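Asks: Listed in order, the protein sequences are those of chains A and B.
Okay, so the first sequence: first residue is 694 according to our numbering, each after it adds one.
Okay, so the second sequence: first residue is -16 according to our numbering, each after it adds one.
In silico contact screen, one side only, chain A against chain B (beta carbon under 7 Å); selected entries:
id : residue
1  : Glu992
2  : Gly1006
3  : Tyr1009
4  : Arg1017
5  : Val1072
6  : Gly1078
7  : Leu1079
8  : Leu1083
9  : Phe1085
I should point out that these hints are in silico values taken from the structure, not numbers from a laboratory.
Keep in mind the model is a prediction, meaning the values are calculated, not measured.
Cβ atoms here follow ideal geometry from the backbone N, Cα and C, with glycine treated the same way.
Residue-level listing of the chains:
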Amino acid sequence: MSELTDPTPAPEHQHVVLSADGLPQHLVDEKQLLLLMEDWRKGRATRNLRQAISDAYVAAFTFVMLAAMLISVIIKAQGIASECASGTCQAARGLLPWSALAAALAFTLAASRMFGPVLASAAEGFWLMDAPISRAKVLVRRLWLAIGAALGMGLAVGALVAALTGSSPLAIVGWALAAGLGAAGLTAFAAAEQGAERTLAVQIVQWIVSLAGLATLMMVVGTAAGWFTLSVTDQLGEELAFAVAGFGLVLMIGAGVIARSRLNRIRRARLTSGGSLVSGMQGAMFALDFGLVRDILVERDAVNRGHVRPTRGVGYGLRALVMRDVQRLWRFPKPFFLLAASVIVPYAIQALGLRALNPSISALVLMGALIPFFASLRVLSRTGGLARCLPFSTAQIRTAASIVPGVLALVWAIAAAPAFIGIGSSTPHRAPIEGTLFSIAAGLAGFVGAVRWVSAKSADYSSPMISTGFGAMPPGLMFNLIRGFDMVALITFPLVLGWSPWLSLTFGSVAFAILRMGKLNSDELQAMQEEQKKLVEEQKAAARGDKIKVTRGR
Amino acid sequence: MANANKIRRPVPKQARPVQDEGRPAARQETRRPARDVVLSVSHLTKKYGPNVIVEDFNLQVHAGEAVALTGRNGAGKSTVLRCIVGADRPTEGTVEVLGTRMNETNADIRRTVATVIDDLDFFPDLSVVEHLDLLARAHGLDEADALVDEVLEEVQLVPQSGQLPGTLSSGQRRRLALATAFVRPRKLLILDEPEQRLDTEGIAWLGRRLRSELDEGLAIVMASHEPSLVEALGCRIVELGGPRG
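Construct all of the structure, not just a fragment, from the sequences and the given hints.
Replies: What follows is the structure, given as structure tokens:
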């Protein structure tokens, strides 16, 4: 015990690097360390940026093409906006940038909480953070980078939405600054809170901003439908946007300074946890596997939660599988809010006069909202191990795991039906049955899209590669990008073209019937053929009066 | 680890045999002829491009028999097991379980074969005990709760019963994986290096547990690098691959 209570003070850190022979060399300079790391990274590159761009001419060409398409869409949207002459339509359009602003800010806070926003890689955590250096000097660039990234992305989103809603050039600048500086300010705020080891304030602000976004979206619907009027002029909107931008700038500077002063206090584990999340997601993104990206986030969330109060299952057989999904809903009700919010989307789109595109856009939003409800299907389809433990065929498992989300999609379709029938007096109406069928078809498209998104196989890197302009690619890699979206497009294109909704319902049913099979298994087909052959032989033998020869051990 | 002999054999609710003369259902199974062919592998060949991993592999496993696949790393043990359970398609050859051609997605096969190979996944949002409960109920075991409790105790995961799989250590995850095989009915048990990440006590328990499975008439095929486990089960040893070099 004497050693434990020994009052001898611990020796102070000398901040000295020792050479191999144990002699002190010089004090550690953080800047030199960072320069050394940069040299290692850049020194190992075999091509500079210009060479890389000239090599990736296809990527550059694609980028130019996409930019041209975007500009074309913005010009078209401006043209459509000029047709939005009624007071209600203009008021509704004027509210859309507010909704986008709230969404951008909520997303910024969610991402900041998830990643840090200040982070470090596992290697940096191990090699640098343990060294006797000023952590703040190493991390300060990360802080500015996070704030700068939020600023850039916010500017782009704000400008894009304002342009698409037909705003004036000055308003576009105002909304871009509001979203950019607002996002940067909130990132700085989240970083300041990270330094103080707190998350509650960020969470509360995130909820407030999300609810504000939802409320704005509902106001868009209500205004366009003529349920109530809002006297928000374009000029007032612009002024408010600049006010938000100003507040964002002040927050960015103030919170940024506080965050900078607290950088030394961030725990290493907190820094590297964000870094490892980023590196995991980077790997998944290289494979264009967004399902895997989501898996990483879900796993991280589960690890943070750690423990749940176990609940006893209900029923036996396939019912047990279905009821487990029901129990999940009670345990994790958060996705419900997203699903409930997604019901407003078809109303908002209809209100904004985008009637023809409503089924497709609403189905895409529903697809995103339904994905969290497919937890069972995701795990049971990404690897075969757990499905092999269950005494059901793949089709049975996939059907059972789709029941709860299917019911939710149906409820969504019923709740969204009035939007497809028509709201307010300014938009054209459909017959109630036709409108309801449109809604059900949109719900089916979102549902089948989500099934496809969660159950599609990742690219197979063990199979022979395909030669492309981007280099060798495994087959299926490009399809990863469009999985889910392909189903939505397939099922809703008859609606967009004004054809019968029954066609969409047929396409959707056939698509789900194929998806629930998992894959067309040649072994299964061969086994079925053999079984049928045996049965025919047995029947022939029975008809001849022969004894049936039992060949199977069961 | 608790005594393996205490563990009851799970019998599905729908398929529970009628008990005859007061004998337990599990005992009746052991009275069946002990030499039924449970697994038959014929001329199995697996190639990845030009690389031949396994060539013309043949194996027959009877009820109550344990076969251990041994050999150096990369000899093809796991590949053979993956082909046997249907996770990989053999380049040539056939695999039959109880006379039915192996098809991974077939419900009858899944009802019969319990596997613990490297592709076992867990639901990130279900706790340890909920995984076992789900499996027992899915197999229609009417005494699911009691059986789950017993298996949970046996694999020493009672304190972790409410934990989510992401928070388990690698050894605990391994024990949970093994528990998934013991909480359901089975006639054939396929295990890929089941001793992996288990401590000495755990390996000894596993030996006793698998021994009792054999006594109940189960067939076991496993890949293993653990001589004590292979010895404890009195396995027929099939060595794969030539010597290194």
